[in-house]
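These protein sequence lines map, in sequence, to chains A and B. Quick note on the numbering used here: the first sequence kicks off at 1 and runs consecutively. Quick note on the numbering used here: the second sequence kicks off at 1 and runs consecutively.
Keep in mind that the hints were calculated from the coordinates and are not lab data. Among the hints, a few may not be true.
Each computed SDA-like pair below joins lysine to any residue, with the alpha-carbon atoms no more than 25 Å apart [said to hold, decoys possible]:
1. A:K53 - B:F104
2. A:K18 - A:H79
3. B:K106 - A:P42
4. A:K38 - B:Y46
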Amino acid sequence: DTEVTQTPKHLVMGMTNKKSLKCEQHMGHRAMYWYKQKAKKPPELMFVYSYEKLSINESVPSRFSPECPNSSLLNLHLHALQPEDSALYLCASSQRTGDYGYTFGSGTRLTVV
Amino acid sequence: DAKTTQPTSMDCAEGRAANLPCNHSTISGNEYVYWYRQIHSQGPQYIIHGLKNNETNEMASLIITEDRKSSTLILPHATLRDTAVYYCIVRLPWDGGSQGNLIFGKGTKLSVKP
């Protein structure tokens with residue numbers, strides 16, 4: 001299995017809702033990442049997990065809460081989002097050592113109404 | 001991580017080679033050059049990476065200048081399916097305390113035309 005699987009592919013949520021994005025990989029990668037991508041912009045790094053521990057939080061608002069329950073799963077819990085949080089949310093994974101590239105999922109298209 | 005500079009957009013005729021340039025004049029000795037592409041609304045796709053030597057795989061070739069301050073991604077026979085945004089990124093490998101994170105610049109929008 002050489003894929004990163006993200007679910008759901010599309011999500012519409014209200015500003016008072018709580019929802020979660022899920023990311024799964026079975027490549028044995030020990031680093032996992034969340035990126036946010038607004039329309040016509042490059043992906044922006046949000047969080048980095050290394051060996052299931054949060055190692056980087058790029059000053060992301062607390063309404064985004066990441067979780068890495070095991071080495072294959074990465075979640076992003078969403079609460080009280082704003083319409084400007086509407087974006088494509090991308091998950092990626094990589095080896096934790098060396099010069100290997102990242103494998104990206106196809107993303108979750110989030111719309112906050 | 002070093003910054004990169006790429007043209008905003010480029011056109012290429014179908015079947016011809018597409019040569020995408022990237023400047024990374026502040027690259028350090030242990031930073032790798034990576035290329036990714038993103039087809040509309042999909043996740044970025046890894047293409048190729050290198051440190052000093054030129055590299056080739058089934059998708060593309062990467063030419064890195066001797067001083068490592070610039071590189072060129074070559075798609076030898078571009079097809080319509082190669083229309084995408086191409087990102088050139090320099091990054092450190094995971095090594096000790098280095099995070100080796102992938103930070104995207106603005107990229108080049110390549111349009112392959114019939």
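Quick rundown of the hints versus the structure:
1. A C-alpha spacing of about 23 Å is found between K53 of chain A and F104 of chain B, which places the hinted pair at or below 25 Å, so the restraint holds.
2. Proximity of K18 of chain A to H79 of chain A is assessed by CA-CA distance (about 5 Å); at most 25 Å being required, the pair is judged to hold.
3. Simply put, K106 of chain B and P42 of chain A have alpha-carbon atoms about 6 Å apart, close enough for the 25 Å limit, and the pair holds.
4. Between K38 of chain A and Y46 of chain B the alpha-carbon distance is near 20 Å, which keeps this suggested pair within the 25 Å criterion.
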